[in-house]
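If you want the building blocks of each chain, they are given just below.
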Amino acid sequence: MKKYFAIFHIRFVNTLQYRAAALAGLSTQFAWGFMLIFSFAAFYRVNPNSFPMEFSHTVSFIWIQQAFLALFALWFWDDDIANSILDGGIAYDLVRPINLYGKWFSTSAAKRLARAVLRCIPILFVAFILPAPYRLILPPSLLQFALFILSTTLGLGVVVAFAMLVYTSLFYTVSPSGIRVMVMVLGDFLSGGIVPLPFFPAPVRNVVELLPFASMLNMPARIYSGSIAGMDALSGILLQCFWLAALVLIGTLISRRVLKRVIVQGG
Amino acid sequence: MITLENINKTFRVAKRQAGFSNAFKALFSREYEHIHALSNVSFTINEGEMVGYIGPNGAGKSTTIKIMCGVLTPESGICQINGLTPWKHRISHVREIGVVFGQRSQLWWDVPVIDSFELIRDIYKTDRIAYKKNLEELSHLLELTEILKTPARSLSLGQRMRCEIAASLLHSPKILFLDEPTIGLDAPSKLAVRQFIKELNQKNGTTVLLTTHDMQDIEALSERILLIGKGKILLDGSLNELKKRATNRKTLIIEYAGKPPEICEGMSVIEDKNKRIIITLDPDVISITDAISRLSADTAISDLSIASITAEEMVAALYREYSI
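Read top to bottom, the protein sequences are chains D and P.
One rule links them: number in the working numbering = place in the first sequence (from 1) + 19.
One rule links them: number in the working numbering = place in the second sequence (from 1) + 87.
A couple of the hints might just be wrong.
[Unchecked claim] With a straight-line Cα cutoff of 20 Å, these simulated EDC-like cross-link-like pairs (lysine to aspartate or glutamate) come out:
hint : chain 1 : residue 1 : chain 2 : residue 2
1    : D       : 122       : P       : 369
2    : D       : 21        : P       : 352
3    : D       : 21        : P       : 214
4    : D       : 21        : P       : 209
5    : D       : 21        : P       : 328
[Claimed, not checked] Covered stretches of chain P, going by a simulated chain D footprint (3 or more residues, C-beta under 8 Å):
hint : stretch
6    : 155-167
7    : 208-218
8    : 355-366
Everything labelled a hint here was simulated from the structure, so no lab data went into it.
From the three backbone atoms N, C-alpha and C, an ideal C-beta is built for every residue, glycine too.
Could you build all of it, start to finish, from the sequences and the hints given here?
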């Protein structure tokens, strides 16, 4: 296990040094956050009772989404993995006494966490001091906060495990962009990245809430705001555990198969 | 101890003619060509040997190395390295080997080299004392002390390559695979790398398999040469044997004053200008002693050197002979 932590560590430190990227990301996330909140505010003003989530819950959901975008957005791809598959750098990964899936999982998770750490502090800080209706409120209880942390960790795992399936598909295709665009659009929508899942019509919502996408951003952001609490939060976390285990299992099996047919071209 | 028996590896490559209509046709049916990268490759390398693996581009050198490292799986054949089959027991196998792919990098681009080294230490679970000892020795021999704190991206190619070689040896592997380790290096770096590999082999008894296009590498390093062409092992022998096989003609380079020396049977002139003549001779027709006394009979010779063909000429001759 220690070697995977070592890989996690070097990737984390390596990513922390890209300050300009963090600043750019920060300003984008502020702009997006305000834009979303103001549009929702306009809708709520018409009739606050026709919405499935309280306005303060929706605001918290959006700030958590923006602050931890790097953790949960499927489209934060790890280009190093794609490049190592496409340019053959994977040859060096394969001459090390490590499991390739484990290595990639560690680097991906580390990269997301490092990016999130750089971005989340200023966003959370500003979101906490904003005037009342637009402010990020604290979770309803300490227990709820603990559940949020647990759910965030699991959510990160689900996102990384799902992205790994996309990376391994690169062994079959020459260009990563097709599958990526598909997953990006679908994933963003189905994980509540565009509109939170409670806003979906009931029959659709019942299905969507069971999909792996619902275990990504949706679960931790809603647990934080208190829109999911108590037993619902626990069963949500159990669902996250299920998807994490299932996706890791599928990913491991695929990567084991795929490594048998690796071709490293040229030199 | 490395044994390969009848290793075969085929790649499938999509082919089509140039042009739009052919590109359109290829959308529906593709033609594939099967390239036999390796056919029935067999050889044995004993512990402590230093072997040069040569052949033209695309002959199958890198493919063989990648099979021996467990990166590629061949279609058929047996490969045993210290009792393990690389592609079946990849993880326990790669613990015992070191690999340098000259055209790729194993260092983390944006962090100091020493961080990459420590990551490698953790991956191989090398104990700290052994790691420290190895690091000190490698830094000393490859002159790394100054550059360990520099990020890999700021290193020159020569510095980086020395770091790459050090990185592959931190876990004291028993076997070292070097795939074009001197590619793109300047003369001092090449000499340093060669000297280092030689010492490593002699002192620690590390088995070394080296592919290169630089025949001076081969001349400086390998006792034994494997020649591969079009996926087949063509020759296996010592450098001298191969040179003799290519030709045993000797080359004489003579600088003289006054009139040019007289040529006799068994000699032929390659070049004669500025009072410098290059002659090749066949020692079966005329011995070197006779040749020199004949040549110096009427001419004042100011300088004389005798050489066999260079490794480069030998390889060119061998490639011609096997039309590879």
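Hints versus structure:
1. With a C-alpha separation of about 61 Å, the suggested pair residue 122 of chain D and residue 369 of chain P falls outside the 20 Å cut-off, and the hint is violated.
2. Distance check on the hinted pair: residue 21 of chain D and residue 352 of chain P sit about 74 Å apart at the alpha-carbon level, beyond 20 Å; violated.
3. For the proposed pair residue 21 of chain D and residue 214 of chain P, the alpha carbon gap of about 13 Å is at most 20 Å, so the pair holds.
4. Straight-line distance between C-alpha atoms of residue 21 of chain D and residue 209 of chain P comes to about 7 Å, which keeps the hinted pair within the 20 Å bound.
5. Between residue 21 of chain D and residue 328 of chain P, the direct Cα distance comes to roughly 50 Å. Violation of the 20 Å bound is thereby established for this hinted pair.
6. Coverage of the stretch 155-167 of chain P by chain D holds in this model, with 5 residues showing a Cβ closer than 8 Å to a Cβ of that chain against a need of three.
7. Only residues whose beta carbon comes within less than 8 Å of a beta carbon in chain D count, and the stretch 208-218 of chain P has 4; three or more means the coverage holds.
8. For the stretch 355-366 of chain P, the stated coverage by chain D is violated: 0 residues have a C-beta nearer than 8 Å to a C-beta of that chain, whereas at least 3 were required.
In summary, the numbered hints that this structure violates are 1, 2, 5, 8.
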